[in-house]
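Asks: 4 is the number of the first residue of the sequence shown in the working numbering; add one for each residue after it.
No wet-lab data here; the hints were simulated from the structure.
Treat each hint with caution, since some may be false.
[Stated by the list, open to error] Keeping only pairs whose Cα atoms sit at most 35 Å apart, straight-line, the calculated DSBU-like set for lysine-lysine is:
#  : residue 1 : residue 2
1  : K423      : K383
2  : K97       : K8
3  : K258      : K417
4  : K38       : K467
5  : K333      : K370
6  : K74       : K97
7  : K491      : K525
8  : K85       : K194
9  : K333      : K257
10 : K257      : K347
11 : K363      : K375
12 : K7        : K191
13 : K42       : K97
14 : K382      : K173
15 : K173      : K413
[Said to hold, decoys possible] Using C-beta positions, here's what the derived DEER-type ranges look like:
#  : residue 1 : residue 2 : range
16 : V241      : N436      : 14 to 24 Å
17 : E280      : R170      : 45 to 55 Å
18 : S297      : I202      : 46 to 56 Å
19 : K375      : G285      : 31 to 41 Å
20 : R89       : N66       : 31 to 41 Å
21 : D19       : K257      : 43 to 53 Å
22 : D19       : I202      : 29 to 39 Å
Note that CB positions come from ideal geometry on N, CA and C, so glycine has one too.
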Amino acid sequence: MEIKKAEFIDGIYTWDYTITEEEWVTILQDKHSLKDETKSILYKFFIEPEHRSTCRKISEKHNITAEVIQKNIVDLGKIAQKRLNRFQVIGSDKEPTYWIIPMYGQLINRTLEWVIRPELISAMKTLYVDGNPSQERTLHVASKIKQSAKDKEITNFSLDNYVELLRSSKNLVLTGIIGTGKTYLARKIAKKMNAETKIVRLHAAYSYSDFIEGIIPSTWGEHNPHYRESLKDGEFTVFCKEALQNLIDSNKTKKELEDEKSIYATMTLFVEKIRDEVFETGEYVLKSKLCDKSVTITDINRNGFTVNSTSEGSTYVPWGNMVQKYMIFKEHSPSTWPLSAIEKHLEIYHHHHILLLFLKAFDSFQKTNLIKVNVDTVKKKDFVFIMDEMNNVDVTQIFGEVCASIAPEKRGPKGIVRTKLDKLLPGYDLFYNGFYIPENVYIIGTMNDVNSEGRSLGFDFIRKFTWKEIRPIDRLSMWDELIPTYKKEAYAIMTTINNTIDSIPELNELYHIGPSYFLKLKDFEGNFEMFWNNYLEGILTRYLINQSNHTKIIAQLKDACLNQKQLIAV
4 MEIKKAEFID GIYTWDYTIT EEEWVTILQD KHSLKDETKS ILYKFFIEPE HRSTCRKISE
64 KHNITAEVIQ KNIVDLGKIA QKRLNRFQVI GSDKEPTYWI IPMYGQLINR TLEWVIRPEL
124 ISAMKTLYVD GNPSQERTLH VASKIKQSAK DKEITNFSLD NYVELLRSSK NLVLTGIIGT
184 GKTYLARKIA KKMNAETKIV RLHAAYSYSD FIEGIIPSTW GEHNPHYRES LKDGEFTVFC
244 KEALQNLIDS NKTKKELEDE KSIYATMTLF VEKIRDEVFE TGEYVLKSKL CDKSVTITDI
304 NRNGFTVNST SEGSTYVPWG NMVQKYMIFK EHSPSTWPLS AIEKHLEIYH HHHILLLFLK
364 AFDSFQKTNL IKVNVDTVKK KDFVFIMDEM NNVDVTQIFG EVCASIAPEK RGPKGIVRTK
424 LDKLLPGYDL FYNGFYIPEN VYIIGTMNDV NSEGRSLGFD FIRKFTWKEI RPIDRLSMWD
484 ELIPTYKKEA YAIMTTINNT IDSIPELNEL YHIGPSYFLK LKDFEGNFEM FWNNYLEGIL
544 TRYLINQSNH TKIIAQLKDA CLNQKQLIAV
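Input sequences plus hints: build the corresponding full structure.
Replies: Put into structure tokens, the structure is as follows:
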């Protein structure tokens, strides 16, 4: 939130002002926060000459205490600050001040008079007949939607602002009413960052196993006695591994990357050769000229291999990241390896001679079969994971133990946790030693307020995210991109529907609809009747179906829109 300083400039006490007329209209329409008393007192300043006076003069003229007058103007300033959520004004006493948000002060004969700001005056004239709040106009600001580029950036909280907010917080939730284009905005943020992006649409059946990790059968059947289970990474885990691999690779030189990729390709060929021979003959013998020991491989897969030896019988040997172990082996390449050297350099603590035989056999194989791979250096990337419709799930359950790693200060290895199935991880897995969220991973969630009323989140989880409310007015820019021809009509209809919803006792601003619904106007070539009958009426009916009198509400909304349409036509 930007800090603004109020100060005297040429006898006027003011600050760097950034609230538009359209924003003031929206603030004045906030029937849930703004009291009638506040609007009435604002009107008393409005009818004064040049819209200026002091609290004392207003008090004497209308028999209201100056304290009540001052409190209501302060309340208006607080509502504007909270709704816009982008600034705080500090007065000359270095304390927060609010009256100066809707007013400015002018020093006349050593008396500071309060003067209504011109944009607020214009909003009152647009919204009310002669500026009187008791006579609200039917036709609002359809013709006032034009904005300068600067105003549009401020009103819509520019894309750069969202990117900056995400970068600083690591975790961002876009909240608000339905139809404000939160998912669309999340994609735009990720695109602006040139990030690798994954979007997951959450639903009631989504679980920890879908998100972090789960168990799947690897071999099963009615007559198959060799039932095995294997670990399957969830979507978030897969994404974090891709991000971590990018971090690791971005710190390597071109030669290091090429050496590693070449060894990996060659080892893949070596394993395929072993598998083919096991398939054809039932076994593959590992032996080396450097020692007189040998073992027989009878099965091999990505997690390990099964060997038969005269000393140990049949043994399943899991392997870690054999490519990395071979790189270390190659670096030292002694003719003999004592047990202590194997454990120290290769971090092998079981089946020492079997794994050493594999490395020696591969070393011999790669001398004549090396596959050379050419690669470019890897640039570090941002990775943005979008959790759409977070209100559909219990978020703490799908994260599980990983909740402890979400906080921005826990990014990287310092946030490492043990997941409940990590004992099933193969040694080469990037998270073999514990799971964490890499520093280049950012999370954006979207949440519809009206669908999350019955779902609570613990404060510990809430504090790990930055929460940004997206209001309809914040996302009007999507109309400029997608329906520029119909944006004035869309604004008039949307405002009419939301004002009508405000007037219905059973509903409130959580039931407002946002600008994304009106993108469909393009499909109906601006024909409102077709748009209403074939799209919007059905959407609103399903949206309000739980209201006991939803049929009456829909009819009321339609009548209001038709009246608005007629006013536009005139």
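Asks: For every hint, state whether the structure bears it out.
Replies: Evaluation of the provided hints:
With a C-alpha separation of about 30 Å, the suggested pairing of K423 with K383 holds against the 35 Å cut-off. About 8 Å separates the Cα atoms of K97 and K8, which keeps this hinted pair within 35 Å; it holds. A C-alpha spacing of about 30 Å is found between K258 and K417, which places the hinted pair at or below 35 Å, so the restraint holds. Restraint check for K38 and K467: the C-alpha separation of about 34 Å stays at or below 35 Å, so the hint holds.
At roughly 12 Å between alpha-carbon atoms, K333 and K370 fall within 35 Å of each other, so this suggested pair holds. Of the pairs offered as hints, the one joining K74 and K97 holds, with about 20 Å between alpha carbons and a cut-off of 35 Å not exceeded. Straight-line distance between C-alpha atoms of K491 and K525 comes to about 13 Å, which keeps the hinted pair within the 35 Å bound. At roughly 29 Å between alpha-carbon atoms, K85 and K194 fall within 35 Å of each other, so this suggested pair holds.
The suggested pairing of K333 with K257 holds, with an alpha-carbon distance near 19 Å, which does not exceed 35 Å. Between K257 and K347 the alpha-carbon distance is near 28 Å, which keeps this suggested pair within the 35 Å criterion. As the CA atoms of K363 and K375 are separated by approximately 20 Å, the hinted pair is consistent with the 35 Å bound. Between the alpha carbons of K7 and K191 the distance comes to roughly 29 Å, so the proposed pair stays at or under 35 Å and holds.
The hinted pair formed by K42 and K97 meets the criterion: a straight-line CA distance of about 28 Å does not exceed 35 Å. In summary, the hint linking K382 to K173 is supported, as the alpha carbons are separated by about 20 Å, within the 35 Å threshold. With a C-alpha separation of about 10 Å, the suggested pairing of K173 with K413 holds against the 35 Å cut-off. At roughly 18 Å, the beta carbons of V241 and N436 sit within the given window of 14 to 24 Å.
Roughly 53 Å separates the CB atoms of E280 and R170, a value that falls within the hinted 45 to 55 Å. At about 52 Å, the beta-carbon gap between S297 and I202 stays in the expected band of 46 to 56 Å. A beta carbon spacing of about 33 Å between K375 and G285 agrees with the range 31 to 41 Å that was offered as a hint. For R89 paired with N66, a C-beta distance near 38 Å keeps the hint of 31 to 41 Å intact.
A hinted range of 43 to 53 Å holds for the C-beta pair D19 and K257, which are about 50 Å apart. Between D19 and I202 the C-beta distance comes to about 38 Å, which sits within the given range of 29 to 39 Å.
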